[in-house]
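2 protein chains.
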Amino acid sequence: MSKTNFAEVNQEALLKIFTIPEAPDSTLGKIERHLSENLMGFLGEHIVAREKPLQEIEQNFQASSVPEQPVYVSDHTEFLLDKLVAHSVHTASPRFIGHMTSALPYFLLPLAKLMVGLNQNLVKIETSKAFTPLERNVLGMLHHLVYGQDEAFYKRWMHSAEHSLGAMCSGGTVANITALWVARNRLLKADGDFAGVANDGLAAGLAHYNYKRATVMVSERGHYSLSKAADVLGIGRRNLVAVATDENNRIRIDALREACEKVAAEGGKVMAIIGVAGTTETGHIDPLDQMADVAKEIGTHFHVDAAWGGATLLSNTHRHLLKGIERADSVTIDAHKQMYVPMGAGMVLFRDPGMVRAIEHHAEYIIRHGSKDLGSHTMEGSRSGMAMMVFSALHVMGRSGYELLIDGSMEKARYFAKLIDDQNDFEVITHPELCLLTYRFVPTRVKVALKTASAEQVRRLTPHLNALTRFVQKRQRETGQSFVSRTKLTPAQYGREPTVVFRVVLANPLTTQDMLAEVLEEQRQIARQATSLLGALHTELRELGLTNRD
Amino acid sequence: MSKTNFAEVNQEALLKIFTIPEAPDSTLGKIERHLSENLMGFLGEHIVAREKPLQEIEQNFQASSVPEQPVYVSDHTEFLLDKLVAHSVHTASPRFIGHMTSALPYFLLPLAKLMVGLNQNLVKIETSKAFTPLERNVLGMLHHLVYGQDEAFYKRWMHSAEHSLGAMCSGGTVANITALWVARNRLLKADGDFAGVANDGLAAGLAHYNYKRATVMVSERGHYSLSKAADVLGIGRRNLVAVATDENNRIRIDALREACEKVAAEGGKVMAIIGVAGTTETGHIDPLDQMADVAKEIGTHFHVDAAWGGATLLSNTHRHLLKGIERADSVTIDAHKQMYVPMGAGMVLFRDPGMVRAIEHHAEYIIRHGSKDLGSHTMEGSRSGMAMMVFSALHVMGRSGYELLIDGSMEKARYFAKLIDDQNDFEVITHPELCLLTYRFVPTRVKVALKTASAEQVRRLTPHLNALTRFVQKRQRETGQSFVSRTKLTPAQYGREPTVVFRVVLANPLTTQDMLAEVLEEQRQIARQATSLLGALHTELRELGLTNRD
Numbered sequence: 073m074s075k076t077n078f079a080e081v082n083q084e085a086l087l088k089i090f091t092i093p094e095a096p097d098s099t100l101g102k103i104e105r106h107l108s109e110n111l112m113g114f115l116g117e118h119i120v121a122r123e124k125p126l127q128e129i130e131q132n133f134q135a136s137s138v139p140e141q142p143v144y145v146s147d148h149t150e151f152l153l154d155k156l157v158a159h160s161v162h163t164a165s166p167r168f169i170g171h172m173t174s175a176l177p178y179f180l181l182p183l184a185k186l187m188v189g190l191n192q193n194l195v196k197i198e199t200s201k202a203f204t205p206l207e208r209n210v211l212g213m214l215h216h217l218v219y220g221q222d223e224a225f226y227k228r229w230m231h232s233a234e235h236s237l238g239a240m241c242s243g244g245t246v247a248n249i250t251a252l253w254v255a256r257n258r259l260l261k262a263d264g265d266f267a268g269v270a271n272d273g274l275a276a277g278l279a280h281y282n283y284k285r286a287t288v289m290v291s292e293r294g295h296y297s298l299s300k301a302a303d304v305l306g307i308g309r310r311n312l313v314a315v316a317t318d319e320n321n322r323i324r325i326d327a328l329r330e331a332c333e334k335v336a337a338e339g340g341k342v343m344a345i346i347g348v349a350g351t352t353e354t355g356h357i358d359p360l361d362q363m364a365d366v367a368k369e370i371g372t373h374f375h376v377d378a379a380w381g382g383a384t385l386l387s388n389t390h391r392h393l394l395k396g397i398e399r400a401d402s403v404t405i406d407a408h409k410q411m412y413v414p415m416g417a418g419m420v421l422f423r424d425p426g427m428v429r430a431i432e433h434h435a436e437y438i439i440r441h442g443s444k445d446l447g448s449h450t451m452e453g454s455r456s457g458m459a460m461m462v463f464s465a466l467h468v469m470g471r472s473g474y475e476l477l478i479d480g481s482m483e484k485a486r487y488f489a490k491l492i493d494d495q496n497d498f499e500v501i502t503h504p505e506l507c508l509l510t511y512r513f514v515p516t517r518v519k520v521a522l523k524t525a526s527a528e529q530v531r532r533l534t535p536h537l538n539a540l541t542r543f544v545q546k547r548q549r550e551t552g553q554s555f556v557s558r559t560k561l562t563p564a565q566y567g568r569e570p571t572v573v574f575r576v577v578l579a580n581p582l583t584t585q586d587m588l589a590e591v592l593e594e595q596r597q598i599a600r601q602a603t604s605l606l607g608a609l610h611t612e613l614r615e616l617g618l619t620n621r622d
Numbered sequence: 073m074s075k076t077n078f079a080e081v082n083q084e085a086l087l088k089i090f091t092i093p094e095a096p097d098s099t100l101g102k103i104e105r106h107l108s109e110n111l112m113g114f115l116g117e118h119i120v121a122r123e124k125p126l127q128e129i130e131q132n133f134q135a136s137s138v139p140e141q142p143v144y145v146s147d148h149t150e151f152l153l154d155k156l157v158a159h160s161v162h163t164a165s166p167r168f169i170g171h172m173t174s175a176l177p178y179f180l181l182p183l184a185k186l187m188v189g190l191n192q193n194l195v196k197i198e199t200s201k202a203f204t205p206l207e208r209n210v211l212g213m214l215h216h217l218v219y220g221q222d223e224a225f226y227k228r229w230m231h232s233a234e235h236s237l238g239a240m241c242s243g244g245t246v247a248n249i250t251a252l253w254v255a256r257n258r259l260l261k262a263d264g265d266f267a268g269v270a271n272d273g274l275a276a277g278l279a280h281y282n283y284k285r286a287t288v289m290v291s292e293r294g295h296y297s298l299s300k301a302a303d304v305l306g307i308g309r310r311n312l313v314a315v316a317t318d319e320n321n322r323i324r325i326d327a328l329r330e331a332c333e334k335v336a337a338e339g340g341k342v343m344a345i346i347g348v349a350g351t352t353e354t355g356h357i358d359p360l361d362q363m364a365d366v367a368k369e370i371g372t373h374f375h376v377d378a379a380w381g382g383a384t385l386l387s388n389t390h391r392h393l394l395k396g397i398e399r400a401d402s403v404t405i406d407a408h409k410q411m412y413v414p415m416g417a418g419m420v421l422f423r424d425p426g427m428v429r430a431i432e433h434h435a436e437y438i439i440r441h442g443s444k445d446l447g448s449h450t451m452e453g454s455r456s457g458m459a460m461m462v463f464s465a466l467h468v469m470g471r472s473g474y475e476l477l478i479d480g481s482m483e484k485a486r487y488f489a490k491l492i493d494d495q496n497d498f499e500v501i502t503h504p505e506l507c508l509l510t511y512r513f514v515p516t517r518v519k520v521a522l523k524t525a526s527a528e529q530v531r532r533l534t535p536h537l538n539a540l541t542r543f544v545q546k547r548q549r550e551t552g553q554s555f556v557s558r559t560k561l562t563p564a565q566y567g568r569e570p571t572v573v574f575r576v577v578l579a580n581p582l583t584t585q586d587m588l589a590e591v592l593e594e595q596r597q598i599a600r601q602a603t604s605l606l607g608a609l610h611t612e613l614r615e616l617g618l619t620n621r622d
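Sequence lines, in order, name chains A and Y. The numbering used here puts the first residue of the first sequence at 73, with every later residue one more than the last. The numbering used here puts the first residue of the second sequence at 73, with every later residue one more than the last.
Calculated from the structure, these hints are not laboratory results. C-beta atoms are modelled at their ideal positions from N, C-alpha and C, and glycine is treated no differently.
DSSO-like mimics (lysine-lysine), calculated; alpha carbons at most 30 Å apart, straight line: (1) LYS261(Y) <-> LYS334(A); (2) LYS334(Y) <-> LYS261(A); (3) LYS334(A) <-> LYS284(Y); (4) LYS284(A) <-> LYS341(Y).
Derived list of chain Y stretches under chain A, where covered just means 3 residues or more per stretch with a C-beta under 8 Å from a C-beta of chain A: (5) 124 to 135; (6) 144 to 154; (7) 223 to 236.
Okay, chain A solo, but in the shape it has when bound (with noise of 0.2 Å):
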């Protein structure tokens, strides 16, 4: 090779760090220890963030073009410590009960680094060989989890080429695209000269079937990921029907068949009927059952999206609240939730093996014909190894220790909502069904009024305590000793009033009693640090006459 003498040099220096490094007191082994070390520091530190304006961290990420020369492994190291680590977000701390993104197991790190390294590619066999069958066995466990077939169901499927238990997905909104991509691909399915929605597309397939649109119904409280599905999918996000909850955020039956029908009428097909387990922002659970029964009347795909609850099901302490989950078409779980893998671990499962073949594709040089290869059932090409966490966590906690976890969280929320209702100055504005509920500060002369308040009354006082819940929300977040997420709600209690609460998550297994009554503390501290806008709501109090009642 005609290189310059320069250049051969740092050629060589390039070949040697794809060269494996030799002993454990190698300048990597070094950088390795000092990493590990770092992070379990910063993994063990009390604090949920540490205090510093967005805009001051973006100075360090200014750089607009790709840095010419190659700098040393150590000193970059020492800047993603410095620069991203410090300033990450404390998701692993037990003060951080505000997403659904929590601590994970330790052994999945070195596990983490097994799998990186290996690098597999789970679309072809040809670059992934026994990672194959082991993310077939995760779908299959799963499949099991939800459906419970029996083990020559198991036998017969789960490593059949031409089909498919499931799909790993980078997360939940892939998971439930591909979901409904079937139900589609299914619903305008090949006919006569129509080759079905997959190749001649959606306006041809609507004609064909005359129907005038296709919907997808689902909750109010359905994820927002619902209604990116329905843009992607060319439904449209109006056809997506938000059906009316009930005061516990579940679906309304009534209302449900009220807006199927109302759909028909119109020279419209319902497409699908979307169940949540675990709505994201209050964790209730749409009753399923009922549910397949009118997606059974109607004959239309069932689906159940599950990303955070259907972790539930490993426990049989409170499996049943998910009760008519195994009678849907199609479930998204996503592990890197309630099930403590890391991220990007999104599953939908099929109920039948061969639905994957509304949506199945192939290629001339991998997934070809009658090739087991996973990529010619997945709406996503290549793909890492990411099953083996899966696989790994259910081994190593297994379904009973997963049941403590899950038993552990929702004893937890319910301490905390009680200990919330004890309070004179907060109120629990949706109870944990699962391990999530939401809440509001709401000073002494105030909750006591608003006991006996007038729907007019709630509605001029509701403002006030949404400012001042906003208030609390994001200085708590700022001084980054502990985190709670808000979100706006309309409960049945307040008349459906807009209302701004904080939400809690409580998954992670290290959160304590003591640090659930420390939050509260320091929410109560913030609040009361809030003047102006506590005078404002006093004001509003004196005005409506309701100051007398304290």
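Take the given structure of chain A and dock chain Y to it, following the hints.
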């Protein structure tokens, strides 16, 4: 908590796995070292895959239920090493030259553990903080690599809440779907009382604009993910128009123009033209600049699928091959291909930072309006901090480092093509434009005969040669010393007769010239064992009266 004693003991053990392991001499520390050593051993092996039939491997992955009881991490680790790792594919082997998955630089492995350990979720800043500016920085650098805007441009847009220079995706398929989703939504945008395809759906969109169909134009060598995209987006595979290629597998501009005119004449509308920068099967690059002209003339979205070839832009020596890419509206690049980043690092880039508005979405509890949350402009929801791996690879190797790697791969491909052509019994089918080429084994007498064979003679010989190529590739893969892939092409020099070929991608920096020579020798030996196939071939040769030319 009212648990039995047995459960309490278990719970303690469970909490322990979420608790930071102490010193390196802890059990987990020992397991980690053991895993690391085993991984290094595996990566150091010179075989590509151990010979073990898939059916036998499947025996280890038959259990259909989630295991009831936990197992020790150490026991499970042994299972993984023995049953999974040992039967994985050595994608890092310098003799694994069949696919785009190659070796990784070792410094990325400890970073992978860091990434997983931090378990950030890039959908929103509340679960990613500094990772969000980092990801935006990575997208900015790649945008600059493609579009080369000035500093002021990146200062203005890179960290702007309402804009995005692109999106990180799990892979090139999601990147391509995202690009076409943007193209579709921009074509069928809101207008008058039509609320846009995102809201009203595809059928309404086509009707509103009075388009009989929307089509996507791509060469017949386009990746199968594009046909998947056409299906998912409701366009229909039939409306993905495969345009004829020239003798170098590049789209014919005259044929493209003609196809576009035909669509328009029939009342359809071209939604996008896609240029391929590095076809998956032959590695050729479409004439992007001329395609940009056509796209401009007819006013359509121009997308470039540079999933594999995009990294070539890092080489000043060769980036001219992609001239015209800077005129694309959107570009797909996979960092997990020629950028040597682990699986799962796809990217789509948009020339205009406002383009992503076409697919924007928000939710109450996250990605609210005005936030810098990356989730408002991505197809996926929850995503890992994979951007860190791209960021680190760009810094530790630098543009100049990548240039050496890419230039080295291209030189190696040219060397191998020459080596093949120099053999009496091999022939190159497609020469490398980047580091990918295809070839086949052809017994000496056949090679000579083919030089003057008629179309009919070629037509009769080809199936025999195809069978031979299939045999050799399969046996070679099973033997596991080296791996090349295979595909089916329609080479111009053989009258477009469907021809099975070996396909090699020379991206591994550790692949040597000697190894390439050994691959040919191994294939020659395998071919000699195919006595019945060779017999049939020679019979055919005799019947065609071509033997005397030997």
